[in-house]
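Chains as they are written, first to last, in the numbering used here: chain A, 549 to 682; chain B, 12 to 332.
Think of the hints as simulated: they come from the structure by calculation, not from any bench. Just to be clear, a hint being listed does not mean it is correct.
Once the Cα atoms are required to be at most 27 Å apart in a straight line, the calculated DSS-like pairs of lysine-lysine come out as [claimed, not checked]:
1) B:LYS13 x B:LYS45
2) A:LYS553 x B:LYS53
3) A:LYS629 x A:LYS553
4) A:LYS553 x B:LYS13
5) B:LYS308 x B:LYS294
6) A:LYS553 x B:LYS246
7) A:LYS553 x B:LYS308
8) A:LYS629 x B:LYS53
9) B:LYS45 x B:LYS222
10) B:LYS308 x B:LYS222
11) B:LYS294 x B:LYS246
12) B:LYS17 x A:LYS629
13) B:LYS222 x B:LYS76
14) B:LYS76 x B:LYS308
15) B:LYS13 x B:LYS76
16) B:LYS17 x B:LYS45
17) B:LYS133 x B:LYS246
18) A:LYS629 x B:LYS45
19) B:LYS325 x A:LYS553
20) B:LYS53 x B:LYS13
21) A:LYS672 x A:LYS658
22) A:LYS553 x A:LYS658
23) A:LYS553 x A:LYS672
24) B:LYS275 x B:LYS53
25) A:LYS658 x A:LYS629
26) A:LYS553 x B:LYS326
27) B:LYS295 x B:LYS45
Pair by pair, the computed Cβ-Cβ distance ranges are [stated by the list, open to error]:
28) B:SER42 x A:LEU680: 50 to 56 Å
29) A:ILE665 x B:PRO241: 28 to 34 Å
30) B:GLU192 x A:THR662: 38 to 44 Å
31) A:ARG568 x B:HIS50: 45 to 51 Å
C-beta atoms are modelled at their ideal positions from N, C-alpha and C, and glycine is treated no differently.
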Amino acid sequence: MAERKLRIMVAKPGLDGHDRGARILARCFRDAGYEVIYTGCHQTPEQVAAAAIQEDVDCVGLSCLSGAHRFLFPAVVELLKEQGADDITVIGGGIIPAADIQFLYDAGLKGVFTPGITLEDIIKWINENISLKG
Amino acid sequence: MKITKKVMEGNVRAASRLIRNLEDDIPEARSTIKHIFPHTGKAHVIGVTGSPGAGKSTLIDSVIKMYRERNRTVGVLLVDPTSPFTGGAILGDRVRMQRHTEDTGVFVRSLATRGALGGLSKAVGDAIHVLDAMGKDIIIVETVGTGQQEVEIINHAHTILVVLVPGMGDDIQAIKAGILEIADVFVINKADRDGTGKLYRELMNMLNMVKDFPGGWRPPIIRIENAFEPGPFGKSVGELFSKITEHYHNLIENDLLGSRIRRKRLMELNEALRAYILEPLMKKLVETGEMERMVDKLMRREADPYTLAEGVTKKYLNGTP
Chain A
549 MAERKLRIMV AKPGLDGHDR GARILARCFR DAGYEVIYTG CHQTPEQVAA
599 AAIQEDVDCV GLSCLSGAHR FLFPAVVELL KEQGADDITV IGGGIIPAAD
649 IQFLYDAGLK GVFTPGITLE DIIKWINENI SLKG
Chain B
12 MKITKKVMEG NVRAASRLIR NLEDDIPEAR STIKHIFPHT GKAHVIGVTG
62 SPGAGKSTLI DSVIKMYRER NRTVGVLLVD PTSPFTGGAI LGDRVRMQRH
112 TEDTGVFVRS LATRGALGGL SKAVGDAIHV LDAMGKDIII VETVGTGQQE
162 VEIINHAHTI LVVLVPGMGD DIQAIKAGIL EIADVFVINK ADRDGTGKLY
212 RELMNMLNMV KDFPGGWRPP IIRIENAFEP GPFGKSVGEL FSKITEHYHN
262 LIENDLLGSR IRRKRLMELN EALRAYILEP LMKKLVETGE MERMVDKLMR
312 READPYTLAE GVTKKYLNGT P
């Protein structure tokens with residue numbers, strides 16, 4: 549039997565074209581040995597959730613630098629739950645004020661990463677917290 | 012079986028998980044395929060191959076639209092390469108097809124090659140069966156960006172599009188064996204660039220030398236330009252679309268579909284024999300340490316690979332073959 553591979557989706561919901569960070573993360577996840585589904589910018593939460601289900605990912609990583617994370621991130625969590633896919637872990641990052649972090653955790657995000665965190669720390673968090681489906 | 016039923020009802024979660032399990036080589040997934048197999052064989056499978064950046068994904072996006080306008084359901088498998096160093100992969104083809112994401116008549120799934128060399132992933136054959144059993148009318152398979160000889164797609168697709176762009180080399184390239192031989196339809200994409208006329212002539216010359224096309228089907232060459240002007244682009248894609256459909260009818264009318272399917276069946280049987288006979292044996296040789304001991308012998312030049320292989324067949328396969 550081949551070993552299970554972690555599948556992770558990197559998506560940018562909303563009207564935000566700043567994808568440098570998301571691309572760097574995608575590359576860094578590739579180097580960590582994950583299969584990364586990169587879906588690019590300007591997506592609705594509905595598109596993110598639908599793609600995550602079609603791709604059977606273990607984790608969805610959302611990036612938002614526009615300030616709309618309070619709406620967009622919880623919307624993805626809700627849509628996955630509605631479609632019986634709440635086993636998919638949702639994490640997010642970007643320009644997120646400290647005051648909003650607890651709000652996002654309460655809304656169902658399992659990890660929130662803000663500027664200053666290292667790529668190594670994100671990989672470490674994923675390896676420790678995302679369980680592969682079996 | 013529950014999962015078989017769900018897949019056949021078109022359940023996306025069940026199908027996607029099953030494809031995941033096939034990629035990860037989970038034994039239960041194999042037995043699900045046993046149940047699904049009798050319900051397959053209805054879809055038209057279209058393969059799309061060509062060099063990296065030729066525009067395969069963008070073309071597929073437009074072809075999906077044409078099928079959806081005719082109420083045909085579509086399953087799409089997109090293959091991108093796995094890193095030989097880390098085992099990771101970036102699967103980025105669906106970026107070009109975002110507009111179909113929420114359409115429940117379209118199911119798009121990305122796969123990494125995981126070391127397979129033919130331009131596809133090992134799980135593609137079974138993933139096609141899954142989409143077929145889900146009831147998709149059309150299945151489109153995009154290979155990795157190919158070079159000259161990743162032609163594995165011929166084992167899976169009924170109709171193969173080879174997507175070319177101008178400016179890739181001289182006319183010697185056009186007489187080489189490999190990818191140019193497998194096309195049922197040629198696409199010259201980005202045909203507003205320099206070198207289109209030359210590429211077109213080279214392909215025509217190449218095709219002129221073929222004496223006998225099976226079913227009388229001479230692969231058409233479709234030029235596509237103005238990807239950013241909906242009018243002319245739509246017209247060329249429309250032309251491509253009708254050639255794909257014509258080709259499928261040609262296969263059926265000339266009784267050629269069967270031979271393409273037979274090629275796939277043979278390949279699948281080969282794969283299954285390998286999985287059931289060769290792989291367990293290889294695993295055993297590794298686990299018992301015999302593999303390493305044989306390599307040691309080779310290092311000391313006490314034996315050659317053929318003698319050792321003969322020894323293995325004598326010990327484990329009653330001396331046959």
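Given the hint that LYS308 of chain B pairs with LYS222 of chain B, does the C-alpha gap stay at or below 27 Å?
Roughly 52 Å separates the two Cα atoms, so the pair is violated.
27 Å limit on alpha-carbon distance, applied to hinted pair LYS658 of chain A and LYS629 of chain A:
It holds: about 14 Å lies between the C-alpha atoms, which stays within 27 Å.
Is LYS553 of chain A within 27 Å of LYS672 of chain A, Cα to Cα?
With a Cα-Cα distance of about 16 Å, the restraint between LYS553 of chain A and LYS672 of chain A holds, given a limit of 27 Å.
Quick one, are LYS629 of chain A and LYS553 of chain A close enough, alpha carbons at most 27 Å?
23 Å, holds
Need the status of pair LYS553 of chain A, LYS308 of chain B: alpha-carbon distance at most 27 Å?
35 Å, violated
For LYS222 of chain B and LYS76 of chain B, compute the direct alpha-carbon distance and say whether it is at most 27 Å.
36 Å, violated
Is the straight-line distance between the alpha-carbon of LYS553 of chain A and that of LYS53 of chain B 27 Å or less?
At roughly 31 Å apart (the allowed maximum being 27 Å), LYS53 of chain B and LYS553 of chain A break the hint.
Taking 27 Å as the top limit, are the C-alpha atoms of LYS325 of chain B and LYS553 of chain A close enough?
37 Å, violated
Does the alpha-carbon distance linking LYS275 of chain B and LYS53 of chain B stay inside the 27 Å limit?
14 Å, holds
Pair hint outcome, LYS629 of chain A versus LYS53 of chain B [Cα-Cα no greater than 27 Å]:
33 Å, violated
Proposed proximity, LYS45 of chain B with LYS629 of chain A (alpha carbon, max 27 Å):
Distance of about 32 Å is beyond 27 Å: violated.
27 Å limit on alpha-carbon distance, applied to hinted pair LYS17 of chain B and LYS629 of chain A
19 Å, holds
Of the numbered hints given earlier, the model fails hints 2, 6, 7, 8, 9, 10, 11, 13, 14, 15, 17, 18, 19, 26, 28, 29, 30; all others are met.
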